[in-house]
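Trainee: Single-letter residue listing:
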Amino acid sequence: MYEGAIQDLIDELGRLPGIGPKSAQRIAFHIIQSERVDVTRLVDVLRTVKERVKFCTECGNITEEELCRICKDPRRDGTLICVVEESKDVMSIEKTREFRGKYHVLGGAISPIDGIGPEQLRIRELMVRLANPDIAEIIIATDPNLEGEATASYLIRQIRPMGIKVSRLASGLPVGGDLEYADEVTLGRAFEGRRTVE
Amino acid sequence: MHLNHLSLKNYRSYLELELLLEKGITIFIGRNGEGKTNIVESILYLAFLSSHRTSSDQPLVQLGNNSAYIRGKIDNGEREVLVELEINTDKANRARINQNPVRSQKELYGILQAIYFSPEDLDLVRGDPSERRRFIDQLLILRSPRMAGVIADYDRAVRQRNSLLKTRSNLSSLESWDQQVATFGGEIIAARITTLNELMPIFSDVYKEISPEKRAYITYKSSIESSSTTPQENTTAILEKFKEVRNQEVDRGLTLVGPHRDDLLLMLGDHFVKGYASHGESWSIALSLKLASYQLLQDDGLQPILILDDVFSELDEERRHRLISLANSAEQTFITVAVQSDLPPELTGKFYTVKSGSVKPL
Numbered sequence: 000m001y002e003g004a005i006q007d008l009i010d011e012l013g014r015l016p017g018i019g020p021k022s023a024q025r026i027a028f029h030i031i032q033s034e035r036v037d038v039t040r041l042v043d044v045l046r047t048v049k050e051r052v053k054f055c056t057e058c059g060n061i062t063e064e065e066l067c068r069i070c071k072d073p074r075r076d077g078t079l080i081c082v083v084e085e086s087k088d089v090m091s092i093e094k095t096r097e098f099r100g101k102y103h104v105l106g107g108a109i110s111p112i113d114g115i116g117p118e119q120l121r122i123r124e125l126m127v128r129l130a131n132p133d134i135a136e137i138i139i140a141t142d143p144n145l146e147g148e149a150t151a152s153y154l155i156r157q158i159r160p161m162g163i164k165v166s167r168l169a170s171g172l173p174v175g176g177d178l179e180y181a182d183e184v185t186l187g188r189a190f191e192g193r194r195t196v197e
Numbered sequence: 000m001h002l003n004h005l006s007l008k009n010y011r012s013y014l015e016l017e018l019l020l021e022k023g024i025t026i027f028i029g030r031n032g033e034g035k036t037n038i039v040e041s042i043l044y045l046a047f048l049s050s051h052r053t054s055s056d057q058p059l060v061q062l063g064n065n066s067a068y069i070r071g072k073i074d075n076g077e078r079e080v081l082v083e084l085e086i087n088t089d090k091a092n093r094a095r096i097n098q099n100p101v102r103s104q105k106e107l108y109g110i111l112q113a114i115y116f117s118p119e120d121l122d123l124v125r126g127d128p129s130e131r132r133r134f135i136d137q138l139l140i141l142r143s144p145r146m147a148g149v150i151a152d153y154d155r156a157v158r159q160r161n162s163l164l165k166t167r168s169n170l171s172s173l174e175s176w177d178q179q180v181a182t183f184g185g186e187i188i189a190a191r192i193t194t195l196n197e198l199m200p201i202f203s204d205v206y207k208e209i210s211p212e213k214r215a216y217i218t219y220k221s222s223i224e225s226s227s228t229t230p231q232e233n234t235t236a237i238l239e240k241f242k243e244v245r246n247q248e249v250d251r252g253l254t255l256v257g258p259h260r261d262d263l264l265l266m267l268g269d270h271f272v273k274g275y276a277s278h279g280e281s282w283s284i285a286l287s288l289k290l291a292s293y294q295l296l297q298d299d300g301l302q303p304i305l306i307l308d309d310v311f312s313e314l315d316e317e318r319r320h321r322l323i324s325l326a327n328s329a330e331q332t333f334i335t336v337a338v339q340s341d342l343p344p345e346l347t348g349k350f351y352t353v354k355s356g357s358v359k360p361l
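Going down the list, the protein sequences come from chains G and B. Just so you know, we're using numbering that gives the first Met the number 0 here: the first sequence kicks off at 0 and counts up by one. Just so you know, we're using numbering that gives the first Met the number 0 here: the second sequence kicks off at 0 and counts up by one.
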């Protein structure tokens, strides 16, 4: 145990995701040895990010204004909504440039172990958006793991009675991969989700 | 298959151990507590990613260290595979296959197959249902490594569902978890029954040879009424049963239906083995289960490594001979024994003595 301020810093750093006690200690000593201007700059960006960045009132994506860049863009197709778990998933899909609709960020997935139920996610806000009769299709893009699947099946149950088309992202073989190296679960999924060739 | 090379670091009593191994029979002789079981335990860890002696990884790592290492070079008849496992007390274990890091240690399943006999096998007969579930699930994983993922997903889905039931508040998302538990659960029950149907005739035959007086057999006792070999039917049955027991489940905050509540009922004549069979009969049943599972894997075309951990002192002459003839038929066998006189004199192989963490050829 170190004394006073340095231990406080190590403790705070250690609370960040992916940073264990050893890394926290290393970063703390790096900060101590850094120039004052560098540290001030880091402090400033941390403060600014917390002050300026908020969540889009429409979709829940991160933004510095009321509405995010995508929700504001008139060229985006407002009849399609892609539902994702986190803002970083929006970035991943945006990079593909395949999707021209809008998003809805849930802020996580249903996981009772972590105390996260539908009420803790932005599902009520999604339902409000779906009341708009122009909405034609919902694409559910939650993670293909246990919690993501549970969230998807919950959403499907809620949305289907509303008569809106619901689709789920395909899961299966990675592009550029070899069939022989795919693990059984992925290959099994790919079989399950196979398509008829027209 | 066989193991060519085993190396341990910070594992239990071994600071460092390098063993060059061969096909055939290898015997480790050492008094209790000298570390002979630790060697075979590490081989079993590579096969099952858990120890047959402890449910926690903590005791496997030498005191004062955070990690233990097991490395094994496996010859599966076609090529050599080097598997390396880092067992960590403070974070997830890490694994490498042929020097390449893998995403999860689960990818090691299926590379090394082993069947072990140990004094703890008696718990298969006398212990809780969890012992018998572990036995059948290990067999499923050996036959089809994919099942390890299904079982892990199932366990996690049940934990999630239990957490939700315990909150007793908003159960609106319960159906989503019902579906997942029922889907994975249905698949596990179907796989267990399929394997059991194949194991049963072998088991009955093996038992008959050891002890011809009574007929031994196994039935699958399920928490659903009509369990079958079709996953979809089991899934439907689990979902039906969920509706029935909903109130009980909410009261107790527990999932009461699914393969984690099932059991294998071992029968001898018209009686349940548990509480009825004598000590000798219990041993015969346990032994027959293991012998039958070895034969089942052989019928599948596999050549699992055979491990006989400290079992000879427990068995009479006739049963010892059965194990020895099995050992002679296996591609590779590891035997641990406290004193050489417990071994049948006709046993041949490579002998090692194990004393206070060092292993020397005899």
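In short, the hints are calculated from the structure, not lab data. Don't take every hint at face value.
As the list claims (entries may be wrong) - Quick look at which bits of chain B chain G covers, simulated, 3 or more residues with Cβ under 8 Å:
# : segment
1 : 45-57
2 : 175-182
3 : 349-355
To be verified - List time: in silico BS3-like cross-link candidates among lysine-lysine, alpha-carbon distance up to 30 Å:
#  : chain 1 : residue 1 : chain 2 : residue 2
4  : G       : 71        : G       : 94
5  : B       : 22        : B       : 349
6  : B       : 8         : G       : 21
7  : B       : 72        : B       : 359
8  : G       : 21        : B       : 90
9  : B       : 105       : G       : 21
10 : G       : 87        : B       : 105
11 : B       : 22        : B       : 273
12 : G       : 87        : B       : 22
Heads up, the beta-carbon is just placed ideally off N, CA and C, and yes, glycines get one too.
Trainee: If a hint holds in the structure, say so; if it doesn't, say that too.
Mentor: Consistency of the hints with the structure:
Given a C-beta distance limit of less than 8 Å, the hint that chain G covers the segment 45-57 of chain B is violated, as 0 residues qualify and 3 are needed. Beta-carbon proximity to chain G at under 8 Å applies to 4 residues in the segment 175-182 of chain B; the threshold of 3 is reached and the given coverage holds. Counting residues of the segment 349-355 of chain B whose CB lies closer than 8 Å to any CB of chain G gives 0, which falls below the minimum of 3, so the coverage claim is violated. Under the criterion of a C-alpha separation no larger than 30 Å, the hint pairing residue 71(G) with residue 94(G) is consistent with the structure, at around 18 Å.
Proximity of residue 22(B) to residue 349(B) is assessed by CA-CA distance (about 10 Å); at most 30 Å being required, the pair is judged to hold. As the CA atoms of residue 8(B) and residue 21(G) are separated by approximately 22 Å, the hinted pair is consistent with the 30 Å bound. Using a Cα cut-off of 30 Å, the hinted pair residue 72(B) and residue 359(B) holds, with the two alpha carbons roughly 20 Å apart. Between residue 21(G) and residue 90(B) the CA atoms are separated by roughly 13 Å; this keeps the pair inside 30 Å, and the hint holds.
Proximity of residue 105(B) to residue 21(G) is assessed by CA-CA distance (about 27 Å); at most 30 Å being required, the pair is judged to hold. Straight-line distance between C-alpha atoms of residue 87(G) and residue 105(B) comes to about 28 Å, which keeps the hinted pair within the 30 Å bound. Taking the CA atoms of residue 22(B) and residue 273(B), the gap is near 38 Å; set against the 30 Å cutoff, the hint is violated. Distance restraint check for residue 87(G) and residue 22(B): the Cα-Cα separation of roughly 53 Å exceeds the 30 Å cut-off, and the hinted pair is therefore not satisfied.
In terms of the numbered hints stated before, the structure departs from hints 1, 3, 11 and 12, listed from lowest to highest.
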